[in-house]
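K.L.:
Letter by letter, the chains look like this.
2 protein chains.
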Amino acid sequence: MKIIIVGLGLIGGSIAKALKQNTPHQVLGMDTDEGSLLDACSCGAIDGKAGIEDLKNADMVYLCVYPGAALDFTREHGPDLREGCVLTDTCGIKSAVCAGMEELRNTGRYVFVAGHPMAGKERSGFAASDPSIFVGASYLLVPGDAPGWAVELVEEMALCMGFGRTVRTDPKHHDQMIAFTSQVPHALACAYVLSPRCPEHKGFSAGSYRDVSRVANINDELWSRLFLDNKDALTEELEELMGNLKAIRDAVSKGDERELRKLLKRAGDIKRRVG
Amino acid sequence: MKIIIVGLGLIGGSIAKALKQNTPHQVLGMDTDEGSLLDACSCGAIDGKAGIEDLKNADMVYLCVYPGAALDFTREHGPDLREGCVLTDTCGIKSAVCAGMEELRNTGRYVFVAGHPMAGKERSGFAASDPSIFVGASYLLVPGDAPGWAVELVEEMALCMGFGRTVRTDPKHHDQMIAFTSQVPHALACAYVLSPRCPEHKGFSAGSYRDVSRVANINDELWSRLFLDNKDALTEELEELMGNLKAIRDAVSKGDERELRKLLKRAGDIKRRVG
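Protein chains in written order, with this note's numbering: chain A, 1 to 275; chain B, 1 to 275.
If you're looking for bench data, these hints aren't it; they were derived computationally from the structure.
Please note that a few of the clues may not be correct.
Cross-link-like lysine-lysine pairs, in silico, DSS-like; alpha carbons within 30 Å at most [stated by the list, open to error]:
#: 1; chain 1: B; residue 1: K202; chain 2: A; residue 2: K231
#: 2; chain 1: A; residue 1: K246; chain 2: B; residue 2: K254
#: 3; chain 1: A; residue 1: K121; chain 2: A; residue 2: K262
#: 4; chain 1: B; residue 1: K202; chain 2: A; residue 2: K172
If we strip away everything but chain A, and leave its shape as in the complex, we get (with noise of 0.2 Å):
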């Protein structure tokens, strides 16, 4: 197959590096700045640079840019597109994408196949790609009613990157579950840190510490755009949360140790029971 990576950042190298390495399908890389394509070249994760007459051929496109670019490009080339390539992304939310791609369905003869693959760390750019981060994580599609044989190449190419597992959702969900599992602890890590007392923890503090306010290192404006194009999942999320701590608070400041222990116990078993 030849495989085009639109984006050459963290997850785009990732991918080319990771296809380049795991299969033997030609990975041909598109980025608007030269120098990420000229690295990408020369440590050998992908095999050139890919122009127009590659995008009519093409037999997947991966797109790896923030949501409204992967819109953008797919406005400007869906169109170049043969019939049957499969044009995936890999946005980390999905219901803006998928109603903008819906959208965009008619301008073109391609397949679309909504991805999110659930790695990643705190730098960015292609210097910081490396497939090791795909090792073991989630890969979550959103196929809609993509035809089975592209949803299913999506998810063989998935695993040939490394990963542990494929899980198809819905976009609504997606959502939902995202805000929960990744947008909550990054908003808590940060509410936590600015707290007065954060800049004197040192020797008051130890592995709880440590963990809630790790993700609170965080490049604001990448997950300020995340955060906002999932605006009414997370506020919802949020609101639970803010709910859970306001119950636990009115036992504690009550001196209501019934409340407070039933509380507890049943976050308890929550985590032994689902890990």
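Starting from the known structure of chain A, arrange chain B on it as the hints suggest.
P.N.:
Leaving out everything else, chain B in the frame of chain A:
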């Protein structure tokens, strides 16, 4: 020296083992549970069981029991201790313990130095005791007006046990800092896993879910007591957290990207600065 450990649970058992391994002192134990005493004797964690005559000529006594039991023991046995015996506790909250000890001070001739070894794990009891949990951790001291030589003795023993540093503070500051560094992470881990999305997390979660939810695997009896014994400081700190979460929630729900970036940037800057 003759050192007596009162309460051979996770902390008392670990202190006994650390002192036996790293110092030449005689270490004796007291516990209401005969099984723990036998286990501690047979594995060499203590040199034997302490009787009332041992209390009378002990050089140091470590109270490794819940706050109420530490005060009860002092009320009953404080008058038995010799002049200059150093009595120290290991309770995780200090305002209530120090106030209670202050009331009892004229009933005995011992010297009290409040302490808090910042170490633990998710299991309890002598069977879980392990001096390696102390390695590199902080040993907090709340000396009040205890004489310098007594405070230095407790510090010296802490370093012998493997602690990385000792930190002196006062009861109020201790309890505020512990509310922030330890109690709030436990409360928010519990609040977090109470979300209806939690039981579905598998396949959708990665490192940030794992880290934030870790301490939700909680001993509800112990932590309810610790929370309520530090009610005022914990309530204040939970309100700080809820206020910061509300600011983030408001910026998200209003779609205010400028305000959201400002909050996340401030948090990221703090985390990068203070670690």
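K.L.:
Sort out which numbered hints this structure fails and list those numbers smallest first.
P.N.:
3
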